[in-house]
Amino acid sequence: AQSVTQLGSHVSVSEGALVLLRCNYSSSVPPYLFWYVQYPNQGLQLLLKYTTGATLVKGINGFEAEFKKSETSFHLTKPSAHMSDAAEYFCAVSFPSQGNLIFGKGTKLSVKP
Amino acid sequence: GAGVSQSPSNKVTEKGKDVELRCDPISGHTALYWYRQSLGQGLEFLIYFQGNSAPDKSGLPSDRFSAERTGGSVSTLTIQRTQQEDSAVYLCASRGHLATAYNEQFFGPGTRLTVL
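Protein sequence lines correspond, in order, to chains A and B.
Numbering of the first sequence is given in the working numbering, commencing with residue 1 and proceeding in unit increments.
Numbering of the second sequence is given in the working numbering, commencing with residue 1001 and proceeding in unit increments.
Hints were generated in silico from the structure; no laboratory data involved.
The following label-pair restraints were derived from C-beta to C-beta distances:
# : chain 1 : residue 1 : chain 2 : residue 2 : range
1 : A       : Ile60     : B       : Gln1041   : 26 to 32 Å
2 : A       : Gln45     : B       : Thr1078   : 24 to 30 Å
3 : A       : Ser80     : B       : Glu1014   : 46 to 52 Å
In silico DSS-like cross-links for lysine-lysine, where the CA-CA straight-line distance does not exceed 27 Å:
# : chain 1 : residue 1 : chain 2 : residue 2
4 : B       : Lys1057   : A       : Lys105
5 : B       : Lys1011   : A       : Lys108
6 : A       : Lys49     : B       : Lys1057
7 : A       : Lys105    : B       : Lys1011
8 : A       : Lys105    : A       : Lys58
Listing some non-contacts, in silico: residues in chain A with all C-beta distances to chain B over 12 Å:
#  : residue
9  : Val13
10 : Asn61
11 : Ser73
12 : Ser80
13 : Lys112
Being a predicted model, the structure only gives us computed values, none of them experimental.
Just so you know, even glycine gets a beta-carbon here, dropped at the ideal spot from N, CA and C.
Working from the sequences, and respecting the hints, build out all of it.
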């Protein structure tokens, strides 16, 4: 069965520090990969996605993620955290044979001043 | 419209009552999804509409849940005989005309349902 695992339900970093949010997937076929961000009381907003081609994907707000097939991972990074990055981040996958997204359980990012 | 809209934003109901949640997708989007976000379960897929095709109902948790999409646009999610475990945020998303799984889904702000 296909699944997405996000390591760490809560991550706390200091402002200016590196952000690393981990995502691993389980699938017999390569999926399409997504990171979404959810600010309090708002819907989900797409940060970035990987479909084909270059495995390092750049998204909005300075975030990027690298697809590593051998590790079945799609970790999200940002070199320098900003207070406005505090939110919940969801990793998700989809497949050509189905339309819906399969989400990880989310990681809440806190940024300390 | 400018984005996906959902109504109501908040709904409080009593156990056993029926509720209807509405989703207005982005104009012209042919695909529409319902997801449920709850504390214990994270984000779960409920149902998917694509154009005029039969909907994919594989994520509906019980036969108390149903959804329809009229005229290929607005969708209504109905929960009959609500239970306390139905309390969650119900999110709607729509996707553009290309029937490809990697195209971005645009999410609405959600309806927070509380069943007392």
